[in-house]
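With the hints as your guide, set chain G onto chain B.
2 protein chains.
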Amino acid sequence: MNVISREVQLASRPHGPPTAENFALVERALPALDEGQVLVRNLVMSVDPYMRGRMNDTPSYVPPFQLDQGMDGGAVGEVVESRSDALDVGDIVLHGLGWRDYAVGAAPGFRQVDPSAAPLSAYLGVLGMPGLTAYAGLLEVAAMKAGDVVFVSGAAGAVGGTAGQIAKLKGAARVIGSAGSAAKVEHVLGLGFDAAFDYKREPVRRQLRDAAPDGIDVYFDNVGGEHLEAAIGSLRPHGRVALCGAISAYNETSAPPGPRNLGLAIGKRLTLRGFIVNDHNHLRSVFADEVGAWVRAGRLRWEQTSVQGLENAPAAFIGLLRGENTGKMVVELSGGTS
Amino acid sequence: MNVISREVQLASRPHGPPTAENFALVERALPALDEGQVLVRNLVMSVDPYMRGRMNDTPSYVPPFQLDQGMDGGAVGEVVESRSDALDVGDIVLHGLGWRDYAVGAAPGFRQVDPSAAPLSAYLGVLGMPGLTAYAGLLEVAAMKAGDVVFVSGAAGAVGGTAGQIAKLKGAARVIGSAGSAAKVEHVLGLGFDAAFDYKREPVRRQLRDAAPDGIDVYFDNVGGEHLEAAIGSLRPHGRVALCGAISAYNETSAPPGPRNLGLAIGKRLTLRGFIVNDHNHLRSVFADEVGAWVRAGRLRWEQTSVQGLENAPAAFIGLLRGENTGKMVVELSGGTS
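Protein sequence lines correspond, in order, to chains B and G.
This note's numbering applies: residue 108 is where the first sequence begins, and numbers increase by one.
This note's numbering applies: residue 108 is where the second sequence begins, and numbers increase by one.
Next comes chain B alone, as it looks inside the complex:
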């Protein structure tokens, strides 16, 4: 097959919030497949907050995107050509070569998923990396247990919304969420959170204290900044914080202030633990079983915000960092030409 594929490249590194100029949509003619490779037409791709860090040229747990190279990230597509016994044409696969119409690679880099079990985008959200992030962060990193009062920031996002619902399903006494608009607060309450507030309306500290007057036991942090400081203030003795993300800081050009009350961690014996989902792959099968069953039973809900077309993927990502999504932000792809 002679395939022309479009890919989104990193044209320049953003200083502060990324803009359209940081991205370039480039056409490439793909080479013929080598033995063992497959060609996959992408159907849906993920944009995730962690990708902002990869736009900087600083060492981190995932290597930075390279200038004038295709970006990458989670995607689901259909095998359209195969030179591997492991995958057939028509198979639906999850893989890491998003931000492009077509992916080419060795078959082991592509994992087959069941398109009849859930919408494809679910494999990029509740059943995928964000879902496992929520599951591992809440249950392993923060060691949430039944009876805990749990606070989740960014609760209208893919990770936060899932984390809060898992907390309820695991017997949390009370789950509180924060989000960035009145509409999102409604969404979060619709997911079954016991309380939710709009962090833009009043100081987080006051709203959290109103929502959890006796304090919290677990804080699942997607936001950092003011949220983290408020949570430290509200945490009860032996409280735990899963440091998952700090989206409030991703576009900052200077170091944001740290929590001024971190000293409270001593007397309250708090544990703050940063994590990344890749360290928790040992949970993948129990996660798939448990969360898969909840989703099938309608006990764990998820929502997404879809943007159409690869050419709009940069805008989707920029919007994600602005909080324009409710639930998982994905980009549905129409495919290139072949």
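No wet-lab data here; the hints were simulated from the structure.
Check before you lean on any hint, since a few could be wrong.
The list makes no distinction among identical chains, and a pair is therefore deemed to hold if it is satisfied within one copy or across any two copies.
[What the hints assert, rightly or not] Simulated pairs of lysine-lysine, DSSO-like, Cα-Cα distance not exceeding 30 Å:
| id | residue 1 | residue 2 |
| --- | --- | --- |
| 1 | Lys375 | Lys277 |
| 2 | Lys375 | Lys252 |
| 3 | Lys307 | Lys275 |
| 4 | Lys252 | Lys275 |
| 5 | Lys277 | Lys252 |
Fair warning: this is a prediction, and the values are worked out from it, not measured in the lab.
Relative to chain B, chain G alone:
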């Protein structure tokens, strides 16, 4: 016995650094003993940084000192009268009724120690609460293991000096200490630390990077503030912080800035854990065996700064918060009149 005992009372709560006016030395005639009680003449008492928090009227893990009441804290004394079968006159006991010439209480509040095994003040330091704090914080809270690079702040203090030596004895690859003067740095190096620096001389961040160019695995924090931020910057992936104290902030009247780089904890998967020694009493016997043996063998050294006389205990405490001690700060008591 008719006993007149002097005690140090809290006369007023300090705002900022405590001053002599916050304390009052008051004489009291002690009542006759009840059945089961003992009368103990204090020989040496402890002043510890955590007592600064107890001078504030804020809830914490130990109740605040009450105004116009005797203060309390660790002390070692000699039983001079006993109405209990558990203790005899002449027994040497460790207890929590310092800041006074004589202590009266039920016998179970007094634990006999062996005056021939170590100088009495050692039971307030390396063999006592500060020693257990170092042991539990390093080995249990920070989960230090052989091969780790360990950084200890306040390394010339009772806890820090012990923590660093335990790290060496447990196989740390390299132990770095910070202290507040050139003389203290010499002391810390004399304890066997591989490197030490004077944090007042240059930014901690730079000195720590020079002392541990490849980073650290464990940070034992007695200081907070700039030290904690520098340590977060130097910690390697999966690094651990034992948050033991924040003496840099104890006399602050407004919230000090938090570590601006706490977001690094996510990608580096750091764990920061606050602790207080009282949660680690299950380690008491293994601590006593192991640290006792090291002390007897001369493999773990300790030093103290002694002040003479109960009337000088407030000055000793004020000096402790200013860093005027090397090693454990204690007050030797001459006893009252009886």
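Quiz item: So which of the earlier hints does this model not fit?
Solution: Checked against the structure, no hint fails, so every one of them is satisfied.
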